[in-house]
Amino acid sequence: MNQVIISAVISLGAIGGAAAIILYFVAQKFKVIEDPRIDEVDEILPAANCGGCGYAGCRAFAEAIVKTGDLDNLYCPVGGNEMMKQIAPIIGVEAKEKEPEVAVVRCNGTRQYAPEKVEYDGPQSCAFAHSLFAGKSGCPNGCLGLDDCVESCDFDAMYMDEETGLPVIIEDNCVACGACVDTCPRDIIELRPKGKKDKRVFISCVNTEKGAVSRKHCSVSCIGCGQCVTACPFDAISMENNLAYIHPEKCKLCRLCVPICPTNAIVEANFPEMSDKLIEKAKENYTKQKEKKKGAGKAGEEKAKAKKATSTDKKTSASSEKKTQDKSISTSDAEKKEPRNDSEQTSKQKDKSSPDNPENK
Amino acid sequence: MKTFKLGGIHPAENKMAASQPIEEFPLPKQGIIPVSQHLGAPAKVLVKRGDQVKTGQLVAETAGFISANVHSPYTGKVKKIDHVIDASGYRHQAIIIDVAENEEWEEGIDTSGDIIRQVTAEPNEITEKMKAKGIVGLGGATFPSHVKLMVPEGKKVEYLIINGVECEPYLTNDHRLMLEKAEEMMIGVSILMKGLGVNKAIIGIENNKMDAVEKLQSLVKDFDGISVEPLKVKYPQGGEKQLIKALINREVPSGKLPLEVGCVVNNVATAYAVYEAVQKNKPLIDRIVTVTGKSLKKTANLKVRIGTKFSELVEYVGGLPEDTGKIVAGGPMTGKAITSLDVPVIKGTAGILIMNKKEARQAEPRTCIRCAKCTEVCPQGLEPFLLHQFGELQKPEDAEVNGIMDCIECGSCNYTCPSNRPLLEYIRYGKAQTNEMIRNRKQK
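In order, the protein sequences belong to chains H and S.
Per our numbering, the first sequence starts with residue 1, numbered consecutively.
Per our numbering, the second sequence starts with residue 1, numbered consecutively.
The hints are simulated quantities; they were obtained by calculation from the structure and are not laboratory data.
There's no promise every hint is true.
[To be verified] Simulated crosslink set (DSSO-like; lysine-lysine; CA at most 30 Å straight-line):
| hint | chain 1 | residue 1 | chain 2 | residue 2 |
| --- | --- | --- | --- | --- |
| 1 | S | K298 | H | K117 |
| 2 | S | K309 | H | K117 |
| 3 | H | K117 | S | K336 |
| 4 | H | K117 | S | K280 |
| 5 | S | K357 | H | K117 |
| 6 | S | K48 | H | K216 |
| 7 | H | K85 | H | K29 |
| 8 | H | K293 | H | K277 |
| 9 | S | K442 | H | K216 |
| 10 | H | K117 | S | K294 |
| 11 | H | K117 | S | K131 |
| 12 | S | K80 | S | K2 |
| 13 | S | K29 | H | K117 |
| 14 | S | K77 | H | K216 |
| 15 | S | K309 | S | K129 |
| 16 | H | K98 | H | K117 |
| 17 | S | K298 | H | K216 |
| 18 | S | K29 | H | K216 |
| 19 | H | K210 | S | K309 |
| 20 | S | K77 | H | K210 |
| 21 | H | K117 | S | K234 |
| 22 | S | K44 | S | K442 |
| 23 | S | K79 | H | K210 |
| 24 | S | K48 | H | K210 |
| 25 | S | K44 | H | K210 |
| 26 | S | K79 | H | K216 |
| 27 | H | K210 | S | K80 |
| 28 | H | K216 | S | K357 |
| 29 | S | K77 | S | K309 |
| 30 | H | K216 | S | K80 |
| 31 | S | K2 | S | K215 |
| 32 | H | K210 | S | K29 |
| 33 | H | K216 | S | K280 |
| 34 | S | K80 | S | K357 |
| 35 | H | K117 | S | K215 |
| 36 | S | K48 | S | K280 |
| 37 | H | K250 | H | K288 |
| 38 | S | K234 | S | K303 |
| 39 | S | K336 | H | K210 |
This is chain H alone, in the form it adopts within the complex (with noise of 0.2 Å):
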């Protein structure tokens, strides 16, 4: 008995032996040399395999950093910049800042300011109703409110908002990975800057369309009047197919652009509570710039600005004197949609005032 084991022992020991010298000489003949350094980066990467940089995975971006041996155009947005600093010395290079990035939802046709007028009961996919029709309220490039882009965060950075009927950022968790970007079939979602003390201007309107067609779907719409754009001590804001848009690079947050809007389409992030003083300034302003760029702008052009101020002025101070009674504190998105509560009465009013409204023409 005692033989046969240790027949089996020292026989099958012999194999093993033997095999292992097999297998020791051909994995040295067949030795993958791979660079070290990756499985260093891979290490620091936060594995959310999220796409943001790019990269199929986590993996491949490491792969992508050592092999190109620079980080110019690769960046991962999970990490950030803190993230970035540590994996820069592991190839020899200097990490570039970046500043951090967040996205935004640029809609604001809530329920309130956007009434549905039709029924949906198709499939619950942004990217099929956006193929099948121009959306519950009629607005061509507002949102669809099915939650394709809640489905494709993977940092729950996002939800919806029953009431309102639009995806809310949370600021928190957002990587700016860029998901929920690529999804929206309506290019509503953009990541912006995150700016200081996570402060943030930007125009909450995707609408191309004249502003007389786009008011009759959104209160809130963006209605092409370029008054922001005069208004902006810094041109930091373009108008192109009736939509201003505010660069992010050139804003200096100073917020005189908010009170100007007609229409209240220019949302500002986490900024305390705007003061009488503020919308005096922004008032003042906005007469200086237009006398300036007036002054730049040819003889014809003139009489048609001036005839615009007159109405405008009024306007302006109509609006911001309401603006100040129940305008309150947002810190985050999800409360940001409601200090504009009072905008559409407003807005109504404004309507009313001047019935020729020269921007809607």
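Since chain H is already given, all that's left is putting chain S on it; use the hints.
Only chain S this time, still in chain H's reference frame:
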């Protein structure tokens, strides 16, 4: 009796308007004429704001090989050229005309009711005239008809097939046309035969319209080469490929046109429009629209000028009933729900269907139970559940391999699905993606 073999369903017919004779609908106060009423490139606008136009005047011309002329259906003044909401809710270019009280027709258009039997036009003249008068396929796809007559070299056409099937539930416009304009339509068929240079034409009609079959059969002896074939009722027999299969038992290969099997298919309404264009010089400015629905006070088949708003037609049948759940442009199977009644009638509008709440109710979709009912009824032999998944997951490559481009969007799969899955919706979406992918590939 003949029918196609593969798949098919039997939805409730609900052809309530079948006994309603065609009524001439009065001219509206304002007409909205979209420039893109056909498949292909939108037409180029020729008029400007403030122009006076006559009825039948060319107001937008073809822009490309697959495109069609658009004529003014009204006498009046061009109010503006603007972007108006179409059935999808998106805006497209349209000419808006304020209609004058006295109608003045463009010269050369024969507006009398006389029937001109003698076909004098030469084949190339026929094609030219169809092109000039903006004739498009009125069966639903609105494919410019003159293109169908331009047979490429090396292809031989044996049969002209005329589609009088009208398998779509509710709709009765083709049925009424065959009954009331039978002779004109038959002349139209012989014009198309001459244009194509064929001597055989078959008119396929489902056997729920035996009165139309009898009516046409009584006329057949006056026209050489035309035969009328009753077909067993089955949806979607009106599909081009299914009709060819049913009538002459030939199968159109995947991705190919009916020309491949020696056929050209045209709708009965197109044949009638061809008659008017060639014999009477009249452009395509009106069409027959069925306005129907279970809750409506009355149903109607109306001869409507292009550009009349849906709201006016609905008003004519007694206004929207209270329990309206959905308004569909076209039939219940292939039509599209509209978001506003301010949409104008265009060349492809075969009907307006007002569904009540009960009919319009959409059941909650449940998980696919792999029962293969959709595969069983698919008239194209596809696997809808699979294509649906590829559409939903946005996988155009896989969808293409599985033949998504062969789907005729008949909706049989949706109709039959016991889990109420939105199969066709996602297949359509997948088709659009696949189409884009193929286009990109070709460009490379």
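Hint check results:
no., hint, result
1, S:K298 with H:K117, "holds (27 Å)"
2, S:K309 with H:K117, "holds (19 Å)"
3, H:K117 with S:K336, "holds (17 Å)"
4, H:K117 with S:K280, "violated (44 Å)"
5, S:K357 with H:K117, "holds (17 Å)"
6, S:K48 with H:K216, "holds (26 Å)"
7, H:K85 with H:K29, "violated (37 Å)"
8, H:K293 with H:K277, "holds (24 Å)"
9, S:K442 with H:K216, "violated (41 Å)"
10, H:K117 with S:K294, "holds (24 Å)"
11, H:K117 with S:K131, "violated (40 Å)"
12, S:K80 with S:K2, "violated (51 Å)"
13, S:K29 with H:K117, "holds (26 Å)"
14, S:K77 with H:K216, "holds (26 Å)"
15, S:K309 with S:K129, "holds (28 Å)"
16, H:K98 with H:K117, "violated (43 Å)"
17, S:K298 with H:K216, "violated (34 Å)"
18, S:K29 with H:K216, "holds (23 Å)"
19, H:K210 with S:K309, "holds (23 Å)"
20, S:K77 with H:K210, "holds (24 Å)"
21, H:K117 with S:K234, "violated (37 Å)"
22, S:K44 with S:K442, "holds (27 Å)"
23, S:K79 with H:K210, "holds (19 Å)"
24, S:K48 with H:K210, "holds (20 Å)"
25, S:K44 with H:K210, "holds (22 Å)"
26, S:K79 with H:K216, "holds (21 Å)"
27, H:K210 with S:K80, "holds (16 Å)"
28, H:K216 with S:K357, "holds (27 Å)"
29, S:K77 with S:K309, "holds (18 Å)"
30, H:K216 with S:K80, "holds (19 Å)"
31, S:K2 with S:K215, "holds (20 Å)"
32, H:K210 with S:K29, "holds (26 Å)"
33, H:K216 with S:K280, "violated (44 Å)"
34, S:K80 with S:K357, "violated (37 Å)"
35, H:K117 with S:K215, "violated (46 Å)"
36, S:K48 with S:K280, "holds (28 Å)"
37, H:K250 with H:K288, "holds (20 Å)"
38, S:K234 with S:K303, "holds (27 Å)"
39, S:K336 with H:K210, "holds (27 Å)"
Violated hints, listed in ascending order, are 4, 7, 9, 11, 12, 16, 17, 21, 33, 34 and 35; each of the other numbered hints is respected by the structure.
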